[in-house]
Amino acid sequence: MSRLQVVSGKGGTGKTTVAAALALALATEGKRTLLVEVEDRQGIAQLFETEALPYEERKIAVAPGGGEVFALAIDPELALLDYLQMFYKLGGAGRALKKLGAIDFATTIAPGLRDVLLTGKACEAVRRKDKAGRFVYDYVVMDAPPTGRVTRFLNVNDEVAGLAKIGPIHNQAQAVMRVLKSPETAVHLVTLLEEMPVQETADGIAELRAARLPVGRVVVNMVRPQVLDAAELEQIRGTPRTAFARSLSAAGLGGARRGGHAERLVDPLLRQAEEYAERYELEHEQRSVLGELGLPLHELPLLAEGMDLAGLYELATELRKQGMS
Amino acid sequence: MSPDAAHDAPRHRLAPARVLELDPLLDDPTTRIVVCCGSGGVGKTTTAAALGLRAAERGRKVVVLTIDPARRLAQSMGIDSLDNVPRRVKGIDDTAGGELHAMMLDMKRTFDEIVEAHADPERAAAILSNPFYQSLSAGFAGTQEYMAMEKLGQLRARDEWDLIVVDTPPSRSALDFLDAPKRLGSFLDGRLIRLLTAPAKLGGRAGMKFLNVGMSMMTGTLGKLLGGQLLKDVQTFVAAMDTTFGGFRTRADATYKLLQAPGTAFLVVAAPERDALREAAYFVERLAAERMPLAGLVLNRVHGSGAAQLSAERALAAAENLDESRIVDQHAGKAGLRNSPDTYGSSEPAEPSAPASPSGPGSPAEEAPTDGAVPGDEAGHEADTDGAGREADAGRAGVPAERSVDELTAGLLRLHAERMQLLSRERRTRDRFTALHPEVAVAEVAALPGDVHDLTGLRDIGDRLAAHRHELPEGGDGQSGAEA
Ligand SMILES: Nc1ncnc2c1ncn2[C@@H]1O[C@H](COP(=O)(O)OP(=O)(O)OP(=O)(O)O)[C@@H](O)[C@H]1O
Ligand SMILES: Nc1ncnc2c1ncn2[C@@H]1O[C@H](COP(=O)(O)OP(=O)(O)O)[C@@H](O)[C@H]1O
Ligand SMILES: [Mg+2]
Ligand SMILES: [Mg+2]
Chain U
421 MSRLQVVSGK GGTGKTTVAA ALALALATEG KRTLLVEVED RQGIAQLFET EALPYEERKI
481 AVAPGGGEVF ALAIDPELAL LDYLQMFYKL GGAGRALKKL GAIDFATTIA PGLRDVLLTG
541 KACEAVRRKD KAGRFVYDYV VMDAPPTGRV TRFLNVNDEV AGLAKIGPIH NQAQAVMRVL
601 KSPETAVHLV TLLEEMPVQE TADGIAELRA ARLPVGRVVV NMVRPQVLDA AELEQIRGTP
661 RTAFARSLSA AGLGGARRGG HAERLVDPLL RQAEEYAERY ELEHEQRSVL GELGLPLHEL
721 PLLAEGMDLA GLYELATELR KQGMS
Chain A
12 MSPDAAHDAP RHRLAPARVL ELDPLLDDPT TRIVVCCGSG GVGKTTTAAA LGLRAAERGR
72 KVVVLTIDPA RRLAQSMGID SLDNVPRRVK GIDDTAGGEL HAMMLDMKRT FDEIVEAHAD
132 PERAAAILSN PFYQSLSAGF AGTQEYMAME KLGQLRARDE WDLIVVDTPP SRSALDFLDA
192 PKRLGSFLDG RLIRLLTAPA KLGGRAGMKF LNVGMSMMTG TLGKLLGGQL LKDVQTFVAA
252 MDTTFGGFRT RADATYKLLQ APGTAFLVVA APERDALREA AYFVERLAAE RMPLAGLVLN
312 RVHGSGAAQL SAERALAAAE NLDESRIVDQ HAGKAGLRNS PDTYGSSEPA EPSAPASPSG
372 PGSPAEEAPT DGAVPGDEAG HEADTDGAGR EADAGRAGVP AERSVDELTA GLLRLHAERM
432 QLLSRERRTR DRFTALHPEV AVAEVAALPG DVHDLTGLRD IGDRLAAHRH ELPEGGDGQS
492 GAEA
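These protein sequence lines are chains U and A, in that order. Counting from 421, one number per residue, gives the positions in the first sequence under this note's numbering. Counting from 12, one number per residue, gives the positions in the second sequence under this note's numbering.
Wrong hints could be hidden among the right ones.
Selected chain U positions facing chain A (Cβ under 8 Å, derived; list incomplete) [unchecked claim]:
1) E652
2) L673
3) R699
4) L702
5) E705
6) G726
7) L729
8) A730
9) G731
Pulled a few chain A residues facing chain U out of the computed Cβ check, cut under 7 Å [what the hints assert, rightly or not]:
10) G51
11) Q165
12) A168
Everything labelled a hint here was simulated from the structure, so no lab data went into it. No residue lacks a Cβ here, since even glycine has one placed at the ideal position from N, Cα and C.
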């Protein structure tokens, strides 16, 4: 199991949610995981129902079986100051730079630099060891930028190593790429069973592969329950309306004769079944597109009542059951 | 409440929100720009395209600026080639004299065009090949928003269309569309950039000395960190941009003013989900603060039901009844021939027996054969299911066994229960929004079972947008009554 698990996907498909569930799932059995947020949105804090996270690793959840989940929201400006501090012992000069807007400038105008800092910080956590020489975190899970940007994001260190041909940033960039392009890393993509997210997933995987980044698994999120299967839908089409009317009537829903309460339910119920069948067909198509990607597929149910902490643990259990952790 | 009574009740008992009338808006010649905003994935692009098509078919000369259309939609509109200019869309009904043009924004290309338009060829080439320019134009946060505004400004300046419908970039927050261009503009015109580009100019002025110290320290530090060439690239880039553009901020401000001008209307698009409507509420508040005209809310992908009179609870209870009676029937070893009570009767006291419904228990003779008579020879059925359609067989453990009608009916009822639960969640979410913003007019659009990927689909969405009716039932139970 790779120690750096990167979670991407189309916007709104559930990257943050799946990353958090995965961090919980990986923490079971006494393991320790770090959940890293790079998009400056405080999505993790929202999900775990805690106050905004500072730029600091802190424990946010305990997993079943005693494991722990830590979280870190990386602030690129502070990360840059960290770096300057690390390499140049800037002291007060760092503050002066910040005041001038230099930090803002450097992290904004050079989006590459920003990404270097973010990926660098995550890789540092992956490699960090304690005094006894054991890894501090068993796993690091990253809530990464969306599919359209993730390859560039992860690959930025290659670019930067090319731009800054010498110096500490160059060395750092190369060290990060060594982690990201190794089996130590796995990039997972979250999708829905809809045309656009599936298309984006397929495109994203092709890009990641072209950049030789290690693609992990596909997580289909918010899967609606299957109420009727294809054979049943077919059978419903071949069954006379009157039979349904009688059955509804037998179930206690009123009269089966024309105009009776039960009889009047038949058409709308059949229409709903038709809509369901159409959606079922589309989902089926999307599933087979996903199937052709040649990656392990996982499915998480749509939590009908919306997301909360209990729901998050439920998704974690599901991921574990499906062998994703 | 008897199901029939509920069914016949007027649909608009409690109008929870004003109904958004889109046709008058589209037809009004003074409406020149319609902007569709909202958080990602809610249907902004679909709504923008559908409105553009509708306005064109009602006689206006329209251009739609889409940002990230679904591939099939772009193909079917003929705008999938990335040349960054509007194309005439074929296949629309032009009997009213309208035209539809559409384009898909190419962010980088729009940026390049600005450079090419404002710099002599030599300098333009220098900028275009600058690595900083490249990374900025390819995907800096806010570039897409800035370029969408830029393109809108260009289209408006050409004055070839009498209506421009604008889609907005996919982002978490609808507010990004308003904020990002200014952020980028002020950043590019900012103090630091000026320092970087012309430190010498400032050097003479009093009090600037300290800044110069900071400058050289910073360029020194960054230089060491990033390598000197890199910093030189930044400086040349910034200098070139500054002289060629005459101020990004000014440009951004100009387009921003366009958005405040009369003739511009904003539509906030949201799905009936908590997050999307929360974003919509922020956006509505922000527009008010900016004095930008909000036309209303498009609530997209709303679910309805033709059998809303049957509650989820009753549907589930009925499905269970069928399950139970099936088991009983099997034990008794007979095909299902049961009474069909006219009403649900004693086990549900809330259900008064419907007055003398004519549909009593049908005559057994008429009923018996059909009950299990799923046509076994329908094409497409598992051929090896012997005794297909016989209820007794369907109940056995044979894997691909045919379902009895009762089982199928129970399935239909469960499907309905799920739909009703979804519907009431959506209604609660919507009612919360309208309680907060009763002044906002709302148009509801049904969730179609498939994607919207061609003109027919867009036309359908357009019809639904303009139909003055709520897809969701009006608030009735408990916490609604949000009429303020
Ligand atoms: N399995 C699920 N069941 C129900 N709701 C879900 C599920 N997964 C995610 N959600 C909800 O969907 C919404 C989007 O999820 P989330 O914020 O994780 O997506 P994201 O991909 O991180 O979004 P963004 O691109 O904006 O960062 C949230 O409201 C979340 O609670
Ligand atoms: N009312 C609707 N019913 C069914 N599908 C819809 C509806 N509105 C939008 N869609 C589909 O949802 C997906 C996202 O829509 P899109 O307009 O691209 O969203 P946005 O521009 O807000 O990101 C598309 O596949 C589109 O076809
Ligand atoms: Mg997120
Ligand atoms: Mg869009």
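Comparing the hints with the structure gives:
no.: 1; hint: E652; in the structure: holds (6 Å)
no.: 2; hint: L673; in the structure: holds (5 Å)
no.: 3; hint: R699; in the structure: holds (5 Å)
no.: 4; hint: L702; in the structure: holds (6 Å)
no.: 5; hint: E705; in the structure: violated (10 Å)
no.: 6; hint: G726; in the structure: holds (6 Å)
no.: 7; hint: L729; in the structure: violated (16 Å)
no.: 8; hint: A730; in the structure: violated (16 Å)
no.: 9; hint: G731; in the structure: violated (13 Å)
no.: 10; hint: G51; in the structure: holds (5 Å)
no.: 11; hint: Q165; in the structure: violated (25 Å)
no.: 12; hint: A168; in the structure: violated (29 Å)
The structure fails to meet hints 5, 7, 8, 9, 11, 12 from the earlier list, while all remaining hints are met.
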